[in-house]
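Enquirer: Here is what each chain is made of, one letter per residue.
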Amino acid sequence: MPQVSLTVNGKRHTVEVETRTLLVELLREKLGLTGTHVGCDTSQCGACVVHVDGTSVKSCTFLAVQADGASVTTIEGLAAADGTLHPMQAAFREHHALQCGFCTPGMVMSAIDLVNSHKERMSEAEIRHGLEGNLCRCTGYHNIVKAVAAAQEVMHGRAQAAE
Amino acid sequence: MYAFAYQKPATVAEAVKLLSADPEAKALAGGMTYIPVLKQRLARPSAVVDLSGLGLAGIGVSGGVVTIGAMTTHAAVAASAEVRRAIPALAALAGGIGDNEVRHRGTIGGSLANDDPTADYPAAVLALGATLRTDRRTIAADGYFQGMFTTALEPGEIITAVAFPVPEKAGYAKFPNPASRYAMVGVFVARGPQGVRVAVTGAGQGGVFRHTAMEKALEKSWSADALAGVATPAEGLNADLHGSAEYRAHLVGVMARRALAAAG
Amino acid sequence: MAEIALSTAPAHLRHGSNSGQPLTRRDGLLKVTGAARFAADHHPPGLLHAVIAASTIARGRVVSLDLAAAMAHPGVVAVMTPAHKPPLAADPDAKTNPFMFRLDLLQNDRVRYAGQPIAVVIAETLEAATEGAALLAPRYQREPARVGFEDATVFTPPAVGVGSPAEVVVGDVAAELAAARLRIEATYETPAQYHNPIEPHAIVAAWDGEKLSVDTPSQGLAMARARIAGLFGIPAENIEIRSPFLGGGFGCKGMLSGPQVLGIMAARLVGWPVKLVLRREQMFGPVGHRAPSRQTLRLGAEAGGRLRALDHHTLTASSTFDDFFEPASNASHTLYASPALRSAHEAVRLDTGTPLFMRAPGEATGSIALESAIDEMAAACAMDPLAFRLENYAEVEPISGKPFSSKALRECYARGAERFGWTARPLAPGAMRDEAGLLVGWGVGTATFPALMFQGQARAVIRADGTGLIECGAQDMGQGAWTALAQIGADGLGLDLEQVEFRAGSSDLPDAGIAGGSAHTATAGMAIHAAGADAIGRLAALATGDERSALFGAGNAGVIARAGRLYRRDDETRSERYADILARAGLFEIDGRGSGAADPVALARYAMHAHGAVFAEVKIDPEFGQIRVSRLVGAFAAGRLVNPRLVRSQYYGGMIWGVSFALHERAVVDPRSGRVMNANLAEYRVPVNADVPSLEAILVEEEDPHVNALGIKGVGEIAITGSAGAIANAIWHATGRRLRRFPVTLEQVAGVAG
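Residue numbers (my numbering), protein chains in the order written: chain Z, 1 to 163; chain S, 164 to 427; chain W, 428 to 1181.
Just so you know, these hints were derived from the structure itself, not from any lab.
Treat the hints with care, as some may be off.
The calculated BS3-like cross-link candidates involving lysine-lysine, where the alpha carbons are at most 27 Å apart (straight line), are [said to hold, decoys possible]: (1) Z:Lys11 x S:Lys171; (2) W:Lys638 x W:Lys512; (3) Z:Lys30 x S:Lys171.
Being a predicted model, the structure only gives us computed values, none of them experimental.
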């Protein structure tokens, strides 16, 4: 069985996996990082989005072996050690951009990458388009867009964080 | 998933050797198509050969040609200042493939090797008259696409780069499948060193095709009026739960006009 | 005897009230950090993984399974089949009450629908179990599948919904139709729909002798526990179910499902904890859905627009082996005043899974047809559709003649219309275009949902340190029950929200009833409110009977609880802290119990519903037939709102479900195989971000003294009703074409006048 060495949320792990093990299962079952969720079989829903080497990917469409040597960030790795939330997490909470919470980790990770790749202010339409890889059945997306719009100001230094 | 071995070669030669030695081994590019295929148990490779270690990503422009490495991601093509300057329609096409996460991993080489009949890149390659470079030869676009999921690639052959001659004018418009965002119909029109070329993806039962009637019309007059007189027969077009063949034929006309407008 | 004026006096609720505050939900922190544990996130030691193998035919028998191939796959530990499974104490097909749905628990080799579980593979890894399930390669004896209305015999069901009569008649429909100046008759078709919460059903089950511990999403913990107890022949007290977080329910997690029980059986079989998670494609069959419908409405009106007759007939479908008949025609019972009114239902049995409550079951389906028909009648009368609805406004409930407990619908119409700009609407269809040349249409729909309550219990505790605890087996599937109920609990205990611990989501807590029917906040809230009053009452009795207390003798005047102190109602300078009362009595805590249920007197006397008005703008690209909803404005009146922020979110979510109902989602069944062809989120369209229009929800305030002491109606489902119809009506207004088959697809609209 192959071995995979990867850094997850700043911590180095070496894990034995099968070649067919998906990254999402490595994170959830082997490393106990269950914040990343599985919602579908066809790479549609985005509940599994994490960051690999700084960009958002669907971890259900990524073999664990492909992550050898990579640096992965999951939802659990966003907040600071003292518990201070990442501005996107804070914005989601503040703007009630979640209900059941199942799509939330993937949505937050996608949104962070989206904002990271747009230094200029995104319009509502651009935010909606940018999150088309994440499905939500509860919220109607309205508050999610508001949260991302607010967070992008903080993340690009145009506004202060909520607290 | 069926079990399979995993290999990550460091050179193209090594990759070709692995793939040629074992006919059941399959190349893995971004995995955006192939991993779902494995998950659905639609393929049973003995081994998966990861191409991401071969250094095949990169974009260069020189002498009127944009060369894109086979492992360049859609996101990189969409964001590339060089591609945006030289062939903006190509950058826009790349930026419309799938969603953000798909674009972060999906590659032009993977898309072209797979030749999904609803993929976007085949329309660009065919309409721009691009050349595919592989580990052993170059293949012109016209000879490359041979039907649904069928290309001119030999067993074990790997695409290393795609060279696009910079056109005078080019535009792409697609009507996306509401759920998967694949092209229900995508039309790429271009006027370049090889004349006027119009390529249609998503619609044809045999995969991407050149719309010769539209090409002739646009050669006479590069205008929406010229296209207005050209009908697209429904025969040979796809029909599924998202649209009939007649609807797709209708869409071809509409998207061609929009692609033309985008080309300027 | 201390008089505690808590249960009915609004004054108590106003003092530093937590209710009515748009507070940030309490579980938000856990959810944005990934710390909220859903069922599939648990991994007890020794865990094995189970994966269901599901039938690919809709009707027939499983003739063989390749057990050897599955067992030979490395990591596979066992394969559970009809021939090899732990014994059950009850027959899965036994039905001792209408809410006990028949389950597929491998009781025999019969196949009743595509997607039915036919085996379960248990293995050391998820990958091995998945592969093992695929290796079973079942062979079938197949019978032709009955998938559409034409394939089966129509009959009249004995009852519909939760025991309503299949037919209800008021007045003489035939005579009134005949006498009406203007008549319309229209038939509408709605598709089969699947709930598709983003969290698939999942269960982690662990046996310890005859004790069972379960993590699984459930909208009804007590009912689930009772079902398990019956099936396995163990006392309910032996079973602990934890469901603190559900990744969406919408009705499909209301009843314990077959797959969840199969997970428990698998754990029993192998003697180890087992995790079973449904694949997305397995969410299309064994866990319920909304049946397709064909609805025929006949309306008759006078020239001035006054309705004379409203006849609503629904043809629906259930499975071949169990009963669930969606009461769509009942949507016509309460909204429009018509002297003759008839609701009727007929049904067929199809080779599908049994349908189940799906967000606004009956109400949503009936509403899109009713609101479309009302609009068609308005057009026949050459009247503005809003004016037509106002002309037929019901001052008493049409089907029963009962007065409404409260009804702020006129205000909803008025405020929604104003916000939307309705007065600028041209009467004629096809008259509006935007700058880009898109056709524009404006439509309206009326929203309504009954104010239901089930039965719930709660416990409230005041502790020695003056803080409080609420215990209530309430379920939060995202609607925010935990936050809203905590607010009610804090008010009930006269404490600030941060001073109150709230325990919910587990079966060892008092049964709060099912989270469904939009009834949870009212039901559990009333139980919590009563429990708080009971605790405060006992605390007050300690004080008022104690000479050393500032409240001694306050009996007749009573006390008020606020901010952790009890105050004499007649002299608020005299008060005492909870902690001090308890300390002096030598108690470390005092508790109270309460229950919530609908008041039978109020039920008998009043019609109790929430109401709303939804206004929709659509834009249609005549070349593509592509329809976009560009604006939705919904004004809703639903009694007292405990947390406006949460309520607003429910309205947004509901309105998007209305958009989806009208335009997007449908399950497509292959008539040859009986399989759902789009059993995945690639092809079964749930709205994506870009599909969502500008959304506005207007929260109309409403006081209802009859519905319950807290004045709470429900908000979880109402926003679908009205929205879907408003969109259908807007499409007509944009194009002049009345489309009656939903979802409205591109091809239906393409090629319209452009």
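Enquirer: With reference to the structure, classify each hint as holding or not holding.
Expert: Verification of the hints:
no.: 1; hint: Z:Lys11 x S:Lys171; in the structure: 24 Å, holds
no.: 2; hint: W:Lys638 x W:Lys512; in the structure: 18 Å, holds
no.: 3; hint: Z:Lys30 x S:Lys171; in the structure: 23 Å, holds
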